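Colleague: In order, the protein sequences belong to chains A and B.
Going by numbering that gives the first Met the number 0, the residue at position 81 of the first sequence is 80; the numbering climbs one at a time, nothing skipped.
Going by numbering that gives the first Met the number 0, the residue at position 389 of the second sequence is 388; the numbering climbs one at a time, nothing skipped.
Calculated directly from the structure, the hints in this document are not laboratory data.
Each hint should be verified, as a subset may be incorrect.
Computed footprint of chain B on chain A, listed as stretches where at least three residues anywhere in the stretch have a Cβ under 8 Å from a Cβ of chain B [unchecked claim]: (1) 170-176; (2) 245-259; (3) 268-278; (4) 386-395; (5) 439-447.
Remember, it's a predicted structure, so these values are computed and weren't measured experimentally.
Where is the CB? At the ideal position from N, CA and C, for every residue including glycine.
Protein chains: 2
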Amino acid sequence: MLFDPLTLNGLTLPNRICVPAMVTRLCGEDGFVNADITDRYMAFARGEAGLIVVEAMAVHRSKSGPLLRICGDEFKPGLSELARKMHAISPSKVAPQIIHFLKISRSGWRQKVSDLSIGDIKQIVREYAQAALRARECGFDAVELHMAHAYTLSSFLSRLNARRDDYGGSLENRLRAPLEVLAAVRAAVGRDFAVGIRFDADECIKGGYTVEESRAIALRLAQVGADWLSLSAGGKFEDAQAREGEPLYPYTGYSGERTMPGASYPDGANLYMAEGVKAYLRAHGVKTPVLATGKIGTPELAERVLREGHADLIGIARPILADPMWPKKTREGRFDKVIRCCYANVCKARDEHFQTVSCFLWPKGAKQAPQSDDSVAPVWPAEGASLSAAREHGRVVLHWNPATDNEAVYGYDVWREELGQWRRLSALPSGITQYHDAGAIPGISYAYRVQAYDFAGNRSEVSNIANLGA
Amino acid sequence: MLFDPLTLNGLTLPNRICVPAMVTRLCGEDGFVNADITDRYMAFARGEAGLIVVEAMAVHRSKSGPLLRICGDEFKPGLSELARKMHAISPSKVAPQIIHFLKISRSGWRQKVSDLSIGDIKQIVREYAQAALRARECGFDAVELHMAHAYTLSSFLSRLNARRDDYGGSLENRLRAPLEVLAAVRAAVGRDFAVGIRFDADECIKGGYTVEESRAIALRLAQVGADWLSLSAGGKFEDAQAREGEPLYPYTGYSGERTMPGASYPDGANLYMAEGVKAYLRAHGVKTPVLATGKIGTPELAERVLREGHADLIGIARPILADPMWPKKTREGRFDKVIRCCYANVCKARDEHFQTVSCFLWPKGAKQAPQSDDSVAPVWPAEGASLSAAREHGRVVLHWNPATDNEAVYGYDVWREELGQWRRLSALPSGITQYHDAGAIPGISYAYRVQAYDFAGNRSEVSNIANLGA
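One chain only, chain A, in its complex shape (with noise of 0.2 Å):
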């Protein structure tokens, strides 16, 4: 089902992939798409994905550091011209997501959504619409509006907005903002012009609310005209921790490792939002497309989650930065050649701190993920792999000998067996040849196993197995 198309209000996607906006800190501070912005969206170009979010771009001229913007029409040109390129090599659909977001000071101190006036709130409105609108006339084939994390809509959105007013208390109060948004980009725009939204299914703080409301604010979402709803999860103010002389940010405390759950979390950690979500929107009759993300890096799982009927789309966010052909290839039947992400997350370290966003696995210094049409895989030296495994000082220590490739050896995989189930623990860079395993327990027997890939995925012959007795 994952290749099956999907339309959404007249716009058919040709699979059920979605690369959801991720950060890239590639743009200047003027806001406009410069060479890397458009390499990185270009590589997720060539990997057809159905659906490619492009990265919040601001609806205001609030100050910020680099980031995309959409709100004013000198932003058009290098706008469009990113959709009209994409769009010459890729059957993708192309969507920016657009966001208003709060000021805030190195000394603290931010801007809450109880502070704005009646006029801020309307004149935010109409930024949304107007930028919704240039969306459509750059050639973008939709408009995903940003009502996740820390930002304005989420906050009216919140369990903690404390507005008494129309715009607060009551969740009918917490939706009217977001509503309001909604319909005038859809008056903006127009009925034929896909609008999407993605939100917290759970905010993941303290005082927040959980699917218990979310699943509410979805159906009332999609009521007033959404086209699809895309869940996120925290990725809050509230927990984010603060780091002297810098800006507070959101993504720094538990709700933003909720957004991204790392390599300590099971596999589609936050597919439960997307069941809660999903079936209290069928049971009202509601048939609006529901996008899931969270940790889901296998064609498997995103198969049984679109099969289980739990999600209608899937976002597959840090696998496709790791490897932007991951769609593709996978189509193609070559997942085994796909540079797997090993949710280590220093992508999302590298945002917090400020720095542009790369990926672990791609080589040091690299700005975008490495191409090549290689073909001949990695090989093992002629003593093999050597893979040895060892318990030391409570953890599993592994040792292999590096293999070589026509090309370069781009890093391995390590892989570990329990029970007869074969499950990939990481990936390393080229260069490492040993690997602690420091969650392996005794009483438990193991086996380990690695596999050396080069650029174009190419992968070794697997090693040796190394046994470990419980």
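Based on these hints, arrange chain B on the given structure of chain A.
Modeller: Leaving out everything else, chain B in the frame of chain A:
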């Protein structure tokens, strides 16, 4: 299945309901059992849960607020008397929860596991073993080792355990002190005494472990001899909210909210933990019973969890605080007579503010749940309940007439219907005859009803149904 017996290492519980350890703050700083403590647990005993876990008692002499102690033989008479009295009136099995905690000061400083010498660790191991032996000598049926939340053994298990020696770093090392405690306890109490463990199945903090690791922790604890595994969540210092002049208290942050999910959470909010842990144990051929907790408030939900095999025991804390007769009334087919918890978490808030723990639904100032054998139900006045529902300022506002009762009206249950399903929204103490539903949205048709109840849980007729269009 909820009323099927279950045998734990030779100890047969008459049913699958457990009252998990709940802080009461009823005890003095001297740590002895007093009349209020006795009243609290005698009420639970009359309710006839299969297993009653008596609130955490300290294995050591460290200074603390009001907290039971089992750290010396002088505490044995009081504890023995408590066990004897509970057994005299009830088939319930009774186990004390025993705890070690580290030092904390009002200045904000707190001792960490990384501050402990090897000698300190050995001392903790001895203290647990001695305390567990005392528990057996006092006539308790079992003992539960507290390895959850912000306390010493949980901090060893934590992914944030910062020790660099054999007691930290890897999962095996983080398990070392807890397993030494378990082994020493087992050696002290003998093979034929049931020893349970309560631990976090999800730390719910940044950098903490999730079910990915807790399932392995559970397996190892079971292999080394735990007779039941009671799953909790969160309750950590790392995200606790500092309050001026007070020592830092766990449960005040998001992770504490996850320990006792309140009204904004779905029912059974933590069940994914039991599902994940139990499936893993069984896949490894380990049959140790798993106890699930977290907003399991109805026999229907408890029964479903057991029937679907996701847990073997059901922890019901706040609902049994609200009505200690929950198990007995339910077994007798009189769940309709249960005073039902509304998860307002006033009990939790009182604990956070260092007040004695009572229930929001109890009569004002009551130290214990009221008792009554009355069988006459409250009645509505001649003109009926006259329940009305109207949307006002983004809320649905309900009003109704007060009921009367031969003894006293104790409170009202408020119900809402959506898609043909009636769901209890809240309960309100007598004297309040209006309710604001802040979670209703336009676009859905709802219906409402209320019902009055007395101290015995006798319910009035259902009120008229107030309908509210979309």
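Colleague: For each hint, tell me whether it holds in the structure or not.
Modeller: Verification of the supplied hints:
Counting residues of the segment 170-176 of chain A whose beta carbon lies closer than 8 Å to any beta carbon of chain B gives 5, which meets the minimum of three for the stated coverage. Only residues whose beta carbon comes within less than 8 Å of a beta carbon in chain B count, and the segment 245-259 of chain A has 5; three or more means the coverage holds. Coverage of the segment 268-278 of chain A by chain B holds in this model, with 3 residues showing a Cβ closer than 8 Å to a Cβ of that chain against a need of three. Residue count for the segment 386-395 of chain A with a Cβ under 8 Å from a Cβ of chain B: 4. That meets the three needed, and the coverage hint holds.
A count of 5 residues in the segment 439-447 of chain A with a Cβ less than 8 Å from any Cβ of chain B is obtained; the coverage claim is therefore met, three being the minimum.
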